[in-house]
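Following the hints, position chain B against chain A.
Line by line, the protein sequences are chains A and B.
According to the working numbering, the first sequence holds residues 418 to 1155 in order.
According to the working numbering, the second sequence holds residues 3 to 579 in order.
Hints are computed from structural coordinates only; laboratory data are not their basis.
Some hints could be false.
[To be verified] Just a few of them, taken from the derived set where beta-carbon distance is under 8 Å, the chain A residues facing chain B:
| hint | residue |
| --- | --- |
| 1 | HIS523 |
| 2 | GLY531 |
| 3 | VAL535 |
| 4 | TYR621 |
| 5 | LYS622 |
| 6 | ARG638 |
| 7 | LEU642 |
| 8 | ALA645 |
| 9 | HIS654 |
| 10 | ALA1053 |
| 11 | ALA1057 |
| 12 | ASP1100 |
| 13 | VAL1104 |
Every residue, glycine too, gets a C-beta built ideally from N, C-alpha and C.
Residues per chain are reported as follows:
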Amino acid sequence: MTTLTNILHAALTGSIGQHGEVAHAAAGAAPVQIAANGPWYAVLIPVFAIAAFLLCALCAAFKVKSKLPAWITVACLAASCGVSASVYAWVSSHGPAITYVFDWIHVVWGKDKGQSFVANFAFYLDTLTCLWMLFVTGLATLIALYASEYMSHDVGQGYNRFFAAFSLFVFSMACLVMADNFILLYLGWEGVGLCSYLLIGYFYKKPSAVAAAKKAFIVNRIGDLFLALGIMLCFVHFGTVEYKAVFAGVEEYIKHFEAGEFNKIPPVAQWIAYLLMGGAFGKSAQLPLYVWLPDAMEGPTPVSALIHAATMVTAGVFLIARTYPIFMISQYALHSVAWVGALTALLAATIGMAQFDIKRIMAYSTVSQLGYMFAGLGVMTSVGAAAHVFTHAFFKAMLFLSCGAVMHGFAGQLDLRKLSGVGSMPGWRIVGIAMLVGCLNLAGFPIITAGFWSKDAILGGAFANPHAQSIGWILLLTAGLTAYYTFRVYFRVFVGPQHFEPGDELHAHDDHGHDHAHAGHDHGHDGGHQSHSHDKAAASHDFHPHAPGWAINTVLAILAISAFVVILPLKLIPGELGWVGQMVEGSTARAVGHMEHAKFFGFDAHQAMMVVSSVVGLAGIAVAFVLHYAGRTSAATSRADALLPAFGPLANWAQHKWYVDEFYDFLIRKPLLVLAHLFHIIDQYLVDGLVDAAGYLPRAIGRLLRPSQSGELHGYALGMAGGVAALLLIVFLATTSW
Amino acid sequence: MMLFSLILAPLASAFLVALGPAAMARRTALAGTAVTFFAACAALYLFNWSAPGYQFEQSLPWLQQVGINLSVGVDSVAMMLIALTALLGPICVQSSKTAITDRVKTYYSWLLVLQAAMTGVFASRDLILFYICFEFTLAPMFVLISLYGSTNRRKAAIKFFLYTFTGSVIALAGFVYVAWFSSRLTPGIVNAADPSLLHEFPQLGKWTFDLATLEQAARLMSPAKQGWVLLALLAGFAVKVPLFPVHTWLPLAHTEAPTAGSVILAGVLLKLGTYAIYRFALPFCPVAIYEHAPLISVLCIVGILYGGLICWVQTDVKKLVAYSSVAHLGFCILGMMALNNTGISGSILYMINHGLSTGALFLLIGMIYERYHTRSMKELGGIAAKMPIWATFMVFFTMASVGLPGLNGFVSEFLCILGAFQASSAWGSPTATLPNGLPNAGLWGSAGAAHPGSTLGSLGPWFAAVAGIGMIVAAIYLLYMVGKVVWGPLVEPHGHDSHGGHGGHGESESHSVLPTDLCAREIGVLVPLAVLCVALGVYPKPALDALSGPVSDTVRVVQTARSNATIPADSVKEAAR
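Chain A with its partners taken away, still in its complex shape (with noise of 0.2 Å):
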């Protein structure tokens, strides 16, 4: 209770204890003073978690057939957010610190700075921790009970492992948020990728969701060499890995940095945030490496609403906040992110627009999503960044819980031209209402709802930075495509006319984890279909979607609240973005430097920007009524259809994805499949053959020689002998200089 009193009063009276006083004190960029004694429970968030994890494995391995590792990872988890917030009362007044479990690698060859690699399970803990750890652990129990009722089909079978996978998730993520070095960073980095692939592949035996769970870890895996990279950059210029030492080295930098003076600044330093920044790009699925982000939706719901919209896409987010010092000491690395951003938020709009697929759409506008907060990044708002994290979170997870409540009921019916007035159905309006409610946060439907204030934060942000006016431009044009294309989706499936037809998992349901006719042999993919849609016709006349229970509605009704919620401590407290805004000034993800603010048309760019972005959202919202709802009178079509022929071919190459895929099947994988298949055959007849050869060459002098020869094994070992010693002999001379 007391600790729920300090954070109450921590976030009322707008104080975040001593440190942020004294950082708001220093001029310039002062060190954050951080502490070396932080309180040892902080180290009981990862290890709930865990401990969820091993005994949900356990529950694997006694076959358990019940809900117990859903409830076991609910109370587990509710432990771990408990804990987060008893931590961020304690940072709140005590101010940052770090505290240190036990020495994981160390190398060490000498005494001096630089002469050791010591990465530690240490746990840094700051408010921007905090705020990560808050919503991370507290999204991460209301999803897994929300999911103890999604899965339920599945008790006894995949239940055990979904929920194993669930909480090694959020132990990785506690990694990577909690760590105080990079490569503790790294191993929740890599570890939450490998949960994303094993969740994305939960449905194992549909080769789509292998393929997605494949491409998810590969895709991943690029951008984690560049922070690899990064990381190896960092060490041997800063000679630690440790966040501590890292920014007390970048100090140095930063009076460069406020100065302009970027040629001061040695370039090994600058160019560790460009191969940071490709790490946050794969993870968060900014372009070029989005890929992988809308297959994931092959994953369950759950899944796709935790990790793939509201916590582990946002590590690349975090990654720049958390090492932001590093960001502002590189000439360009903000420039860039910025238009990564921008870019990645415009395109993943258009495609968002075109698609059918309910989950599809929400994806993408993750995508789109996540590139404003990358735009925000990258023009010096980090505080809009972070409450743009911070909301997205709410209203992302519950629009694809909505989602998953549909899917689930309609057995698995995603396409919006098959499903309509779903919210007035009887037992669906709680999910009406939070798809509602998450519809207008997305959309930025003006003052009433966080996901306007947070989005009008980057806008804003966007406007009065003189060098960012066109990103600015770009995320204005995408915010009004955003609008539409949520309530594109919100006017075609939960109002209007009431249909709707089920899904093709009617009768699949039972079939995840048993020997099944259809999961089985890999006959003709047609005839199965055929079977499949048969089938399904028969069984349609007696379908009746069943409406969600207790604990989904449960879920979405408290993320319904709390997406209102979350605008209290962001306009209530005073500053900009009020409570968040407090959280992210007094870390590391602080915005330094004096910047001249610039105008948007004359007026100040934060205060046009509410009038702009309202007016844009709503007309949005407007396009999306006349053109999908207003005289529509089956779910199959719109007015929206008479207009597609104006767009030519445009619409099309949207709907499918502008071919990125296709491109970057040409370009990379097809050519390295082909240098695969050429080396295999160059090993093959080249490299071996070369042995052979050698093998044989003085069998056949021999054989000149003497018709009857024998030995043949001291020929072939003469022959090896005589080929790899001038084989050797030659790469030797070639190399030395005599």
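Just chain B now, with coordinates in the frame of chain A:
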């Protein structure tokens, strides 16, 4: 006595197996390997991990006329590899229970002889003893492949034998040259090079094969001579590792070998090559290795990418894992060529970690082969639906092999790449000034920046970056394999209950013995490896601490020799005359 017992225990059990009845062969072998394993545990316990030098040293006179002794002794590097060998012993015996039902006496006795020989390689402190043990690993392996392998086993066995044998003969020539050089040293020469070295040579001018003496002597060779010796040593050991152009025996041998043979091959035999490079190439020819590190590293990187891409187009699971060894050991040698603490520590840890994870992958593939008699990815798929326990282990060890942080592979792979990244004189780090006091401006150190985390060396970030692509390629091929075999719709070979034409031994009986999913024996074989994978991933610090002593010594030797090399030893010698 400790080390001799570790060598003699499996050897003695080999005789017991050979003399005893066939029915008892497996149990005897199991008992023998178990005793060895417990003896190794005792050795691990008695070993003083904080001391850098050699321990359990012992020397029995043998051919003293030419200075050959049966000397043994281990430092922490050798001790860890011996422990790995002793751990894999019982695992191999247990994993062969149903796979090998024919000629069991021959099989188990050769397996035990192999273990003795491998332990001998790691334990020996005498060059000739080392070489004998090194060569003696070939014969048992030859027998295991050629008698118990699959269809193409004859060719594989012969190729394996001749390829590695030929290489090591050349290495022997290098060794003999070093010994000859050492026997010709005079106090004058030594004095001219470094007077403080004189006490290192108690019997100057006599033949000796004592490793400590030879190490000191070899370093007095001129860089050019060191280059030739390095070439000879690499001819033997690069084949064993195997490095890129001389790797083609490996996929063949792996694919054809019986499961336990593959486990030993991947787990320990390949490490003989890397260990020998660490033990001999580095201290014997430090200047040459410093000069040629970029070249060797390029071969490693080619192996990483080329081997990795070839994995991707394999249809035989076992061949895929075999080629992955080429890629993985590329990382291992790359780290070693960084010639700094990070790289070499990572490299040695890599030897252990690769043995654990790849060994386990071979075991898992063997378990599938015993059930389906095929390793073709065209005929196998979605096994997770039928064998969830197997699938869990498969995914686990794949992730260890991919280098997922938290598991063992990550620590070593990251350190190897980091070592290569750091190791460049172009960083111009002031903490690594040239010992001769020359200014070290550096290429990337513009604007007067210091790079305290850098070390001297001849690799650099590009080596690390290109090798790092191997991390992506590893994810591609390993997940491709998992996606085909573990996940997806269930695919089983047509009528896999009928046994036709797969040319193995004792398979027909074995199938009925085995349950659908793994049995307790098979799980028991995998669990120790899994536990070690987690332990070395989560808490590698004891291992890294233990390695720091010997590795620091090696690094010091190489860096000192390199900095002294500005005044070539030969010219000193000329001056002395």
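Checklist line | Restraint satisfaction for VAL535/A [CB to CB of chain B, less than 8 Å] | finding: Because about 10 Å separates VAL535/A from the closest Cβ in chain B, which is outside the 8 Å limit, the hint is violated.
Notebook entry, point to check: If you take the shortest Cβ to Cβ gap from LYS622/A to chain B, is it below 8 Å?
Noted result: Constraint on LYS622/A satisfied, holds at 6 Å.
Next item on the list: Hold the hint about ARG638/A up to the distance rule: shortest CB distance to chain B must be less than 8 Å.
Entry: Holds - the Cβ of ARG638/A comes within 8 Å of chain B, reaching about 4 Å at its closest.
Notebook entry, point to check: Taking the closest Cβ pair, is TYR621/A under 8 Å from chain B?
Noted result: Given a least distance of 4 Å, the restraint on TYR621/A holds.
Note to self: The hint names ASP1100/A as touching chain B; please verify it with the least Cβ-Cβ distance against 8 Å.
What the structure shows: holds (6 Å)
Notebook entry, point to check: If you take the shortest Cβ to Cβ gap from LEU642/A to chain B, is it below 8 Å?
Noted result: Given a least distance of 5 Å, the restraint on LEU642/A holds.
Check: Per the CB criterion, is ALA1053/A less than 8 Å away from chain B?
Finding: violated (32 Å)
Margin query: Next item in the hint list is GLY531/A. Is there a CB on chain B closer than 8 Å to its CB?
Written below: Hint holds; GLY531/A Cβ to chain B Cβ min 3 Å, cut 8 Å.
Margin query: Holds or violated: the hint that ALA1057/A contacts chain B, with Cβ atoms closer than 8 Å.
Written below: violated (38 Å)
Item checked: Restraint satisfaction for HIS523/A [CB to CB of chain B, less than 8 Å] -> This interface hint holds because 5 Å falls under the 8 Å limit.
Note to self: Is the interface hint satisfied for HIS654/A? The criterion is a beta-carbon contact with chain B at less than 8 Å.
What the structure shows: holds (5 Å)
Checklist line | Hinted contact ALA645/A with chain B - closest CB pair below 8 Å | finding: holds (6 Å)
Checked against the numbered hints listed earlier, the structure breaks hints 3, 10, 11; every other hint is satisfied.
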